[in-house]
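**Q** As a plain string of letters, each chain reads:
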Amino acid sequence: MSAALSLVGLCKSFGPKRAVDHLDLDVRRGCMFGLVGPNGAGKTTTLSMATGLLRPDAGTARVLDHDVWTDPAGAKALMGVLPDGLRLFDRLSGAELLHYVGLLRRVPPAELASRSSELLDALALADDRDTLVVEYSAGMTKKIGLACALIHAPRLLILDEPFEAVDPVSGEAIRSILRNYARAGGTVVMSSHVMELVESLCDDLAVVAHGRVLAAGTLDEVRAGSSLQQRFLDLVGFTAAGEESLAWLRSSSGSS
Amino acid sequence: MVALLVRLKLTLLRNSLKRSTWRTVGLIIAMIYALGVVSLVLAGLVGLRFTSLALTADVTVVAYAALTLGWLLMSMLVFGVDETIDPAKFALLPVRSRELLPGLLVAGLISAPGVATVLVAVGLVISWAHTVPLTLAALIAVPIGVVTCFLLSRAATAAFASFLGSRRFRDLAFVGLALFGVALGIGGNLISAFVNAEIGDLRRSLADLATVAAWTPFGWAWAIPADVSRSAWLVAAIHFMLAAALVGLLWMAWSHFLAAGLVSPIERGGTGTKVSDSTAVERFFPATPAGGVAGRTLRYWRRDPRYLAGIAGFLIAPIVLIVTQRVNPEGIAAIAAFAPTLLGLLVGLSLAQDLSYDGTALWLHISAGISGAEDRAGRVMSTMTIYLPLIVILLGVAMITTGEWHLLVPAVGLTFALMLTGLGVGCLVGTLWQWPAPLPGANPFGVGNAGGLPSLLSFAVTMIGTLILTLPTIALVVWSFYTPWVGYLTLPVGLLCGFIVLRIGIAQGGRILDRRWPEAMLAVSEKTA
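Just so you know, the sequences run in chain order A and B.
Residue numbering for the first sequence follows my numbering, beginning at -9 and increasing consecutively.
Residue numbering for the second sequence follows my numbering, beginning at 67 and increasing consecutively.
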């Protein structure tokens, strides 16, 4: 069985800076996959290339046997995407935005209305369905973005930082939606830098830094006996600063 | 603190230019343009030396009072003409507003309008440098006047910051500015149409205007050298004291509002606007991706101030033309009758900039995998829905006010030919160049918000392309002036040519967009400084 998402030799440079450097990644079907890495590791760049938003310098991205860059229509129809840091058509209300994405995705009009109100209910956005998205809080904007990614019942979900700025209650709602989705055979790829979240939610994960995969596999394989947090720090190469550094910061010895 | 803030300002400016060559090119073009205007003004100021002192007094007082008023109006309508150094960003630092003020004042003058104003104000000294007392008076007046300009705009924006901070008000202000432009265009033309008066009358009304301007707060400082030139020493002293007091008052007001702002930085938005859940727009267009794009952009025409301002901007030229040709006794009725063609010509521009206006939200179109042709077709549908009624109304107004009904068919033919061709050309051009447009409600004149060269290219190619492709119809219209029956050919020929160009524009533009989606995304997502 082919992988849900398969990235081979992806490269992308911005000027002299190599954001993604020959990155290979395979995500099996029906799993929750976590992409973790420090700030600036190239997570967002990788996901942008996998979803057809950013043209790679080299390499291929395949979604369920459809090449994203030679068969974009086929690949995009199977994907639901939630990017991070990109705007939405925020002069529409939540309900209008969802309807709009449904039309773009060719969701049958008869189903569109019922799907859209179910999603708004599940994500606790029903009360704000007629509020303009530009007035939404950061967490609500994430949630309406997730609804837009789900409206056409995709087989692969690619989510960039889906839990950022989301409150704990909505976070739990999103978790259960994603778990049920994966249980029903869907595949979720999400990036995060919260290790506890990935540890509790994902089956497989990959650690990226400097645009390369440092470790990939099931949660237990990557953890290799220690905690994910410790393993991540080891891989990325972090050593805690010694006693000497930032000594002036100790308020007891401070002069003011 | 002054040197620190000035350095900060220069660093911010340099970094925003470093990120994009397009922006540098755009800035250079803007600078050449500004320099041209400034040198024309300076030439005029030198020229004033060769006229009488009385004329110099009247002209400079009126012009510089208008400049000062302009600073106030521009900053009120367009929030904070330059927000590169936003005082609210200092809220977390342990600084007092007193320490910040001088630095913010100088840093604020390092902007295109600031530098231009300083240059133009210094030029005033040249005009006045006849005798020692006059030169001294000008040297005193110029700094006071420049500082008044700047403080007036800062104090006013700081005072109204809480209103201006809300999204709704900024939207309104944006539309207000566009309407102000319309009014200015019509007003200016009306004045020039009515003032067929003698030079003597003109000279007398200028003197009256100067007398009034000299006693408004905008003219106090600028009137000082004028008073000295008349040897009205007492009046000069009064003007000086008033101007100095104004500067002191504005300084205190600005300091007060800045201090308040440092304690409570402005929170923007959050009014919770609800919209009625209407499906009328959805029923109007087919339930396809193209229909969806049409419905969404139609809603944007109503909710996004940039589109509203665009409509107002496009309507300026034809309305001004009709009004001035009708009120002017020597106006030519035929020109007014053909005025709606101007709107037809401009319509394509809105399509050429549509992708840029979407900004990074464009990712939804890309990841939904809709074809470029569907995107193009949807935008054409909504643009036609907006402009078709406007064009019909305008044609009706033009015909009724002129009574030149024999020009109806050629006028309709040419207008529609231009509109359809323009839409087709705009469809294609819109896919070639995109740029990071200012967000709705953001300051359209802010530093780094100009689209630079891509937006200029897009504008020029759309206009020229539309005119060239409409040549067959234009030729027929010209021919019909000599052979009237040819006029009836313009309508079918115009519609046919227009529809052909539109079809090609949608298909070819769509094909280009299918290949260029990621590049378009990159072009619009370059961060605005």
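Hints listed in this document are in silico derivations from the structure and should not be mistaken for laboratory results.
Where a beta carbon is used, it is the ideal one built from N, C-alpha and C, also for glycine.
Possibly wrong hints are sitting among the right ones.
Claimed, not checked - What follows is a set of in silico ranges between Cβ atoms, one per label pair, in the way DEER data are often shown: (1) B:L202 x A:G75: 30 to 36 Å; (2) A:G75 x B:H472: 42 to 48 Å; (3) B:N81 x A:D57: 55 to 61 Å; (4) B:P538 x A:R202: 46 to 52 Å; (5) B:F565 x A:P28: 15 to 21 Å; (6) A:A143 x B:N81: 49 to 55 Å; (7) B:L76 x A:A174: 54 to 60 Å; (8) A:L239 x B:V181: 40 to 46 Å; (9) A:G207 x B:N81: 40 to 46 Å; (10) A:A114 x B:L456: 40 to 46 Å; (11) B:L78 x A:D74: 45 to 51 Å.
**Q** Of the numbered hints stated earlier in the document, which are not met by this structure?
**A** Violated hints (numbers, rising): 1, 2, 3, 4, 5, 6, 11; every other hint is consistent with the structure.
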